[in-house]
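> Here the structure of chain A is known, so what remains is to put chains B and C in place on it, guided by the hints.
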Amino acid sequence: MSSLDTIPVCTEVATGNVEPLLHEIRHALKRLAEGKEGTVIDLKRLPLAPGEEERIAATLGTGEVRAEIDALGPTLIQETSYPGVWLITHKNADDVVVARFVEVTYIPELLRSQQADIDAGINRLENELKN
Amino acid sequence: MRKDQNLGEYLRMQGVSRRGFLKFCSATASLMALPPSAVSQVAEALATARRPSVIWMSFQECTGCTESLTRSHAPTLESLIFDAISLDYHHTLQAAAGHGAEAAREAAMEENKGEYILVVDGSIPNGNNGYSTIAGISNHDMLIEAAENCFAIVAVGTCAAFGGLPNADPNPTGAVSVSEIIKDKPIINVSGCPPIPVVITGVLAHFLTFGTIPELDALGRPVAFFGQNIHDRCYRRPFYERGQFAETFDDEGARKGWCLYKLGCKGPTTYNACATLKWNQGTSFPIQSGHGCIGCSEPRFWDKGGFYDPISAGQWGSRDALLGAAAAGAALGVGSALAARARKKKAQAAEEI
Amino acid sequence: MTLLEFASGPGLQWALWIFVFGITWRVVGAVFLLSRKDISKPRHTNTISAGLGAVWSRSSPARAFEKKIRFQHVTGYAWHFALFISVLFFAPHILFFESVLGFSWPHLPNTIILITAIVATAVLIALLIRRATHPVQRFISNADDYISIFVVLVPLVTGILAFTHFGARYETLLAVHLLSVEVMLIWFPFGKLMHMIMTIPARFQAGTAFGRRGVKA
Numbered sequence: 017m018s019s020l021d022t023i024p025v026c027t028e029v030a031t032g033n034v035e036p037l038l039h040e041i042r043h044a045l046k047r048l049a050e051g052k053e054g055t056v057i058d059l060k061r062l063p064l065a066p067g068e069e070e071r072i073a074a075t076l077g078t079g080e081v082r083a084e085i086d087a088l089g090p091t092l093i094q095e096t097s098y099p100g101v102w103l104i105t106h107k108n109a110d111d112v113v114v115a116r117f118v119e120v121t122y123i124p125e126l127l128r129s130q131q132a133d134i135d136a137g138i139n140r141l142e143n144e145l146k147n
Numbered sequence: 131m132r133k134d135q136n137l138g139e140y141l142r143m144q145g146v147s148r149r150g151f152l153k154f155c156s157a158t159a160s161l162m163a164l165p166p167s168a169v170s171q172v173a174e175a176l177a178t179a180r181r182p183s184v185i186w187m188s189f190q191e192c193t194g195c196t197e198s199l200t201r202s203h204a205p206t207l208e209s210l211i212f213d214a215i216s217l218d219y220h221h222t223l224q225a226a227a228g229h230g231a232e233a234a235r236e237a238a239m240e241e242n243k244g245e246y247i248l249v250v251d252g253s254i255p256n257g258n259n260g261y262s263t264i265a266g267i268s269n270h271d272m273l274i275e276a277a278e279n280c281f282a283i284v285a286v287g288t289c290a291a292f293g294g295l296p297n298a299d300p301n302p303t304g305a306v307s308v309s310e311i312i313k314d315k316p317i318i319n320v321s322g323c324p325p326i327p328v329v330i331t332g333v334l335a336h337f338l339t340f341g342t343i344p345e346l347d348a349l350g351r352p353v354a355f356f357g358q359n360i361h362d363r364c365y366r367r368p369f370y371e372r373g374q375f376a377e378t379f380d381d382e383g384a385r386k387g388w389c390l391y392k393l394g395c396k397g398p399t400t401y402n403a404c405a406t407l408k409w410n411q412g413t414s415f416p417i418q419s420g421h422g423c424i425g426c427s428e429p430r431f432w433d434k435g436g437f438y439d440p441i442s443a444g445q446w447g448s449r450d451a452l453l454g455a456a457a458a459g460a461a462l463g464v465g466s467a468l469a470a471r472a473r474k475k476k477a478q479a480a481e482e483i
Numbered sequence: 008m009t010l011l012e013f014a015s016g017p018g019l020q021w022a023l024w025i026f027v028f029g030i031t032w033r034v035v036g037a038v039f040l041l042s043r044k045d046i047s048k049p050r051h052t053n054t055i056s057a058g059l060g061a062v063w064s065r066s067s068p069a070r071a072f073e074k075k076i077r078f079q080h081v082t083g084y085a086w087h088f089a090l091f092i093s094v095l096f097f098a099p100h101i102l103f104f105e106s107v108l109g110f111s112w113p114h115l116p117n118t119i120i121l122i123t124a125i126v127a128t129a130v131l132i133a134l135l136i137r138r139a140t141h142p143v144q145r146f147i148s149n150a151d152d153y154i155s156i157f158v159v160l161v162p163l164v165t166g167i168l169a170f171t172h173f174g175a176r177y178e179t180l181l182a183v184h185l186l187s188v189e190v191m192l193i194w195f196p197f198g199k200l201m202h203m204i205m206t207i208p209a210r211f212q213a214g215t216a217f218g219r220r221g222v223k224a
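Chains as they are written, first to last, in my numbering: chain A, 17 to 147; chain B, 131 to 483; chain C, 8 to 224.
Honestly, the hints are just simulated from the structure, not real lab data. Here a beta-carbon is modelled for each residue, glycine too, at the ideal position from N, C-alpha and C. The reader is advised that the hints may include incorrect statements.
[As the list claims (entries may be wrong)] Short, incomplete list of chain B residues facing chain C, as computed with Cβ under 10 Å:
1) 348
2) 370
3) 468
[To be verified] Label-pair restraints from in silico Cβ distances:
4) B/438 <-> A/79: 36 to 44 Å
5) C/116 <-> A/97: 32 to 40 Å
6) B/316 <-> A/135: 35 to 43 Å
7) B/298 <-> C/146: 53 to 61 Å
8) B/472 <-> C/173: 51 to 59 Å
Chain A with its partners taken away, still in its complex shape (with noise of 0.2 Å):
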């Protein structure tokens, strides 16, 4: 992909749909505040010109929080600099961008361990123990 990424794009173009996104973002993160539910938006499903995906990224910056996930190819999760304001950026095994989702929420679901692995993680455990 590298011989893709040097062709100059002409980045200054813009679709106007970059302030409504933050201020979306904004009033979920209000929401939030107040105790109701959080909020996921899908990147990929936005009318975005070429470098609009980047200037979001920037505009939200990077914050105290930064994981990676390993499964079905690596996942990036990334607090911004606006703390409840979360990029995940999904990965396949090839590390091409699937799936790219801004997050409001106070920790992102897929953090947390899940109840089927723990339950297959106990089976693991005590099978290593029995022998």
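Here is chains B and C on its own, set in the frame of chain A:
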């Protein structure tokens, strides 16, 4: 994957954790154009989903649709979807050939009677069946046979959906779409020349997840992907509003990425997901690459006037015909004036008497 | 054939043929009526300046009536001005004219066109309501007036809808817009819309005739 296994069990056996599964579901929901809030619903449905049998038939086509699909941008997740369906017949992708392949097709059809999904790419020559045959069977007969006991048909590509390029004037093979032959089965048209690969898998994922037909538009296309026109979702739209157009493909406007309306872009009358899903790992789509939309997901896109004629330019015929109309009008004008004069003279003459 | 294909193909063809045929018929017919010889002795010979004078003087109301017809005066100009801007300076329209005429001219931003189109529509509706309610106007109006207003109003409304993608899918709205324009083109030569072509020559002709007779008007 065994046929009696559901997808959840299968993935666990493959060593995919619940986290991995949730990630798969998020990406699948995104793929199906569902809101992120639907992920838990998708997870629940997918965990217990049964593996549908898919029979893929290629008729009068160029294999571009299959090429597009095999280059879709999420190999791992896609392969999971493909593992999750049972692709029992696809003559480009399968290893089997000859009688063995046809036997596999017949066996799959018999075994999954009433439940299998029939995917068709390519149009069907309806004039002379000899134009396209597989194993000595005409496309027409094979389609009718395969459609009889299917659950639904997915017409992949503009050829299967609307007749496409083979159907273009003067249509020497009498090519028609699937829906012109099969009338009694649900048909989902996934048009495009080729269709966006993730739209093909998105529709398959919808079957896999919900086992139902997605909501369709008037042309039988899934609303989730074909609900909005390119123009409405185009990042160059602000230039249209401001009246900033590229006049040629190499002028200042083209370099600045202005609107391509004047260069014949068919974005306003074309419904597809190119502007958001894009192509080649989400890299770009035709308009982003500097060429107007040619409307390849619309019926008869090949015969709707030039790709480089603006939408608002009319097919008004020849100047000669207009001059002819003017000449006829002038003749009638002169004639009626002379007639009026003659009437007046006659009236005057009558008065003088 | 879809509605849009019909509207931008055969529909447009026939409408243009009838439009051109009708206009040449009426114009040629009118020109032939002029050929009557005036055998009286002219009071003035510079009839061209008299004709131009009439074209100019009739472009604004006589002072005596100014107050009484101010509404029509202002709205009339606003309507025509807004209509001309909307029709002649919208980029897709210019592309259409270019495809027929073979040449083009600069366009205006869409926001301006949207404003002029809304102004034109609002003014025309106001004038239509006045025509239908004002006792004198009502009395002097006939079917031709209402039809002519209607066939111009519909393209304006459908044009705004098509532009804003409001109410239906764009290709349907565009097709309806084109069809409404075609209806207008077909009606044009046979109704009062012909004033677009006849007004200035008619004023000029009246002016020259008056000038020759020495009438100051």
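> Against the structure shown, which of the earlier numbered hints fail to hold, in ascending order?
4
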